[in-house]
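J.: Chains as they are written, first to last, in our numbering: chain A, 461 to 750; chain B, 281 to 663.
These are calculated hints, taken from the structure and not from any lab test. Using N, Cα and C, we set each Cβ at its ideal position, and we do this for glycine too. Where hints are given, some of them may not hold.
A few chain A positions that, by computed beta-carbon distances, are all more than 12 angstroms from chain B [what the hints assert, rightly or not]: (1) Met-489; (2) Gln-563; (3) Arg-571; (4) Ile-602; (5) Glu-673; (6) Thr-688; (7) Gly-718; (8) Ala-730.
With a straight-line cut-off of 30 angstroms between C-alpha atoms, the simulated BS3-like cross-links for lysine-lysine are [as the list claims (entries may be wrong)]: (9) B:Lys-400 - B:Lys-340; (10) B:Lys-335 - B:Lys-361; (11) B:Lys-282 - B:Lys-340; (12) A:Lys-482 - A:Lys-503; (13) B:Lys-335 - B:Lys-392; (14) B:Lys-604 - B:Lys-618; (15) B:Lys-392 - B:Lys-340; (16) B:Lys-568 - A:Lys-482; (17) B:Lys-618 - B:Lys-518; (18) B:Lys-604 - A:Lys-482; (19) B:Lys-361 - B:Lys-443; (20) B:Lys-568 - A:Lys-503; (21) B:Lys-443 - B:Lys-282; (22) B:Lys-400 - B:Lys-434; (23) B:Lys-282 - A:Lys-570; (24) B:Lys-392 - A:Lys-570; (25) A:Lys-570 - B:Lys-618; (26) B:Lys-392 - B:Lys-434.
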Amino acid sequence: MSVLVDDDTRVVVQGITGGEGKFHAEQMMEYGTNVVAGAVPGKGGQEVNGVPVYDTVHQAVDEENADTSVIFVPPAFAGDAIFESLDSDLDLAVAITEGIPTQDMARVNKRLSETDTRLIGPNCPGLITPGEAKLGILPGNIFSEGNVGLVSRSGTLTYQVVDNLTNRGIGQTTAIGIGGDPIIGTDFVDALELFENDPDTDAIVMCGEIGGEDEEEAAAFIDENVDTPVAGFIAGRTAPPGKRMGHAGAIVSGSGTGTAESKISALNDAGVPVGDTPEEVADHIEEFLA
Amino acid sequence: MKLHEYQAKQVFADAGIPTPASQLASDVDGAVAAAEEIGYPVAIKAQVQVGGRGKAGGIKLVDDEDEAREAADEILGMDLKGYHVGSVLVEEAVDFTDELYVGITMDRGEGKPVAMVSTKGGVNIEEVAEEDPDAIAREHIDPSFGMHPYQARKAVYDAGVDKAVARDVSNVLMTLYELWDDRDGSDAEINPLMVTADDDVIAADAVMNIDEDALFRQPELAEMEAEAASTGDELEQKADEYGFDYVRLEGNTGIIGNGAGLVMTTLDLVDYYGGEPANFLDVGGGAKADRIANALDMVFSDDNVESVVFNIFGGITRGDEVAKGINEALEQFDEIPKPVVVRLAGTNWEEGMEILNEDLVTVEQTLEDAVQRAVEYAEEVSE
Chain A
461 MSVLVDDDTR
471 VVVQGITGGE
481 GKFHAEQMME
491 YGTNVVAGAV
501 PGKGGQEVNG
511 VPVYDTVHQA
521 VDEENADTSV
531 IFVPPAFAGD
541 AIFESLDSDL
551 DLAVAITEGI
561 PTQDMARVNK
571 RLSETDTRLI
581 GPNCPGLITP
591 GEAKLGILPG
601 NIFSEGNVGL
611 VSRSGTLTYQ
621 VVDNLTNRGI
631 GQTTAIGIGG
641 DPIIGTDFVD
651 ALELFENDPD
661 TDAIVMCGEI
671 GGEDEEEAAA
681 FIDENVDTPV
691 AGFIAGRTAP
701 PGKRMGHAGA
711 IVSGSGTGTA
721 ESKISALNDA
731 GVPVGDTPEE
741 VADHIEEFLA
Chain B
281 MKLHEYQAKQ
291 VFADAGIPTP
301 ASQLASDVDG
311 AVAAAEEIGY
321 PVAIKAQVQV
331 GGRGKAGGIK
341 LVDDEDEARE
351 AADEILGMDL
361 KGYHVGSVLV
371 EEAVDFTDEL
381 YVGITMDRGE
391 GKPVAMVSTK
401 GGVNIEEVAE
411 EDPDAIAREH
421 IDPSFGMHPY
431 QARKAVYDAG
441 VDKAVARDVS
451 NVLMTLYELW
461 DDRDGSDAEI
471 NPLMVTADDD
481 VIAADAVMNI
491 DEDALFRQPE
501 LAEMEAEAAS
511 TGDELEQKAD
521 EYGFDYVRLE
531 GNTGIIGNGA
541 GLVMTTLDLV
551 DYYGGEPANF
561 LDVGGGAKAD
571 RIANALDMVF
581 SDDNVESVVF
591 NIFGGITRGD
601 EVAKGINEAL
611 EQFDEIPKPV
621 VVRLAGTNWE
631 EGMEILNEDL
641 VTVEQTLEDA
651 VQRAVEYAEE
661 VSE
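Let's have the full structure, built from the sequences with the hints guiding it.
T.: Pasting the structure below:
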């Protein structure tokens with residue numbers, strides 16, 4: 461079992477003729493993902509590694525029954541690409557693109573609330589159900605099949621924690637990188653709910669970072685609604701207030717919430733142990749599963 | 281990206297928001313000449329991008345030439361919270377009866393822009409937000425429609441703004457939203473928006489932060505950025521040139537990694553193992569060899585750095601490219617300036633390990649070991 465993605469998922473890759481799109485479409489297929497189409501305006505009729513390319517996402521849906529899109533479109537056009545996927549009634553859209561203007565995402569967010577499509581990202585590594593399918597840029601070889609769900613705002617931190625788990629023989633149901641931008645589609649609460657309802661997920665890892673209040677909200681949700689044990693990690697304990705660490709999602713407001721301290725204490729209050737190191741997160745998960 | 285006050289004021293004035301007469305000056309004579317032209321009294325304001333300039337002595341009100349000369353001499357060249365003051369804004373001093381706050385920002389929790397108005401202007405608005413949140417009227421805006429005029433009026437009336445100026449303040453708020461929207465603002469603020477005895481409103485300060493990710497469609501503002509950046513920290517400027525996300529810190533262990541979350545985690549672990557991070561440096565996704573070499577150059581340029589830890593977990597970034605970059609950067613030295621510890625994992629890490637010249641670096645297999653080793657090296661030097 462898994463959440464959101466499995467070997468039946470039919471994927472259209474938006475931007476499949478670009479460098480990243482092409483490379484990662486190949487990687488996804490090598491992993492076993494069912495990539496059925498590409499969509500690139502003006503490139504309809506071409507093929508990339510045997511995958512037919514269409515001019516629009518609508519055509520890919522009509523001709524190949526695509527139900528999920530993975531978006532590798534440059535930032536200036538990525539907002540529009542997400543709109544196109546939302547307008548095509550897909551089940552799931554995964555936006556890998558980093559650097560989409562926040563105001564574009566605010567408009568996407570509004571449209572998203574009016575559709576049934578689920579968005580993951582943007583500025584995320586994607587998601588993977590080990591042994592079945594991966595959507596995005598995650599390095600497939602570090603993941604393994606198992607019973608731990610993982611949700612994270614940071615791509616490389618996801619890899620680090622998964623590596624710690626896999627090295628101990630602990631596998632994953634699904635790992636979801638939700639992205640660190642100020643405005644994202646699926647958030648911690650959504651992902652926690654999916655894992656809570658997945659009978660095969662026996663423990664959950666949640667990796668957050670400074671900035672915003674999503675972790676605090678997740679803590680409140682866990683307290684009320686989640687019986688599956690959760691272990692957490694929060695990056696940015698040593699970040700100085702007011703400095704921008706990488707992406708906009710990581711501005712410490714300096715006013716109580718948004719800091720590592722406030723997130724860690726909210727999680728602790730909800731019964732979630734937070735590791736000081738990624739290795740400690742794996743310790744907690746091991747204890748849960750023992 | 282944050283515009284200087286004089287730049288933001290120009291943008292606001294061009295859009296029709298009333299601002300005081302002002303001129304930029306970079307030397308004492310220029311400041312005095314500007315003051316004479318504008319007419320006393322004037323305010324002389326340091327153009328550096330830090331809050332609380334007034335309290336730190338960066339803003340002075342002067343009544344005549346002698347005072348202007350003295351104030352300009354004092355402020356120009358001063359070190360204001362770590363920033364060198366290279367220019368001042370000489371500005372007409374406005375007689376006011378009230379000070380308001382108006383601002384537009386993105387409410388990330390709601391995923392929508394929010395307009396804010398308060399009659400408690402002229403003070404630290406973050407403190408007002410914390411101590412008396414009801415003193416700030418807030419109006420969320422549907423980004424697909426933009427702000428309706430009724431919303432601007434509602435915010436102004438909800439805040440309790442005097443009816444005599446409500447219409448003018450609503451107009452300023454509408455204009456501010458349109459600017460924020462057109463120019464890809466992240467924050468646009470006027471604090472204070474002064475109300476004069478004649479019931480005019482005038483923007484006595486101006487804050488405009490632009491979404492860096494949108495600069496590609498804001499060429500005019502991108503030019504201003506180059507100008508604005510010229511007074512910052514030297515290393516941070518260098519990072520801008522290389523295009524790195526970089527923050528300089530106080531410690532002695534240099535840190536290079538890929539991905540904001542993992543780099544922050546590396547900082548946290550340096551601290552956890554008793555060391556002190558010297559910087560945050562994210563090379564970003566998919567970095568090629570030359571970028572890796574630039575990152576090392578960057579960190580070696582910081583005199584405080586006594587050791588460097590490289591933490592790369594490849595997804596889109598490839599271990600062989602990273603290894604090539606590290607070799608390239610280090611092979612040019614007869615003697616490596618500071619010990620470098622490398623931890624490679626993920627995509628092509630094995631190829632990377634084969635390429636990496638182990639005579640030049642210390643290799644560790646795990647994040648924890650790499651950080652501990654770098655902290656030890658930094659400590660050895662400090663002893």
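J.: If a hint holds in the structure, say so; if it doesn't, say that too.
T.: Results for each hint:
| no. | hint | verdict |
| --- | --- | --- |
| 1 | Met-489 | holds (17 angstroms) |
| 2 | Gln-563 | violated (6 angstroms) |
| 3 | Arg-571 | violated (7 angstroms) |
| 4 | Ile-602 | violated (7 angstroms) |
| 5 | Glu-673 | violated (6 angstroms) |
| 6 | Thr-688 | holds (23 angstroms) |
| 7 | Gly-718 | violated (10 angstroms) |
| 8 | Ala-730 | holds (19 angstroms) |
| 9 | B:Lys-400 - B:Lys-340 | holds (22 angstroms) |
| 10 | B:Lys-335 - B:Lys-361 | holds (11 angstroms) |
| 11 | B:Lys-282 - B:Lys-340 | holds (23 angstroms) |
| 12 | A:Lys-482 - A:Lys-503 | holds (13 angstroms) |
| 13 | B:Lys-335 - B:Lys-392 | violated (34 angstroms) |
| 14 | B:Lys-604 - B:Lys-618 | holds (18 angstroms) |
| 15 | B:Lys-392 - B:Lys-340 | violated (38 angstroms) |
| 16 | B:Lys-568 - A:Lys-482 | holds (18 angstroms) |
| 17 | B:Lys-618 - B:Lys-518 | holds (20 angstroms) |
| 18 | B:Lys-604 - A:Lys-482 | holds (24 angstroms) |
| 19 | B:Lys-361 - B:Lys-443 | violated (40 angstroms) |
| 20 | B:Lys-568 - A:Lys-503 | holds (28 angstroms) |
| 21 | B:Lys-443 - B:Lys-282 | violated (33 angstroms) |
| 22 | B:Lys-400 - B:Lys-434 | holds (17 angstroms) |
| 23 | B:Lys-282 - A:Lys-570 | holds (27 angstroms) |
| 24 | B:Lys-392 - A:Lys-570 | holds (8 angstroms) |
| 25 | A:Lys-570 - B:Lys-618 | violated (51 angstroms) |
| 26 | B:Lys-392 - B:Lys-434 | holds (17 angstroms) |
When held up to the earlier numbered hints, the structure conflicts with 2, 3, 4, 5, 7, 13, 15, 19, 21, 25 and fits the remainder.
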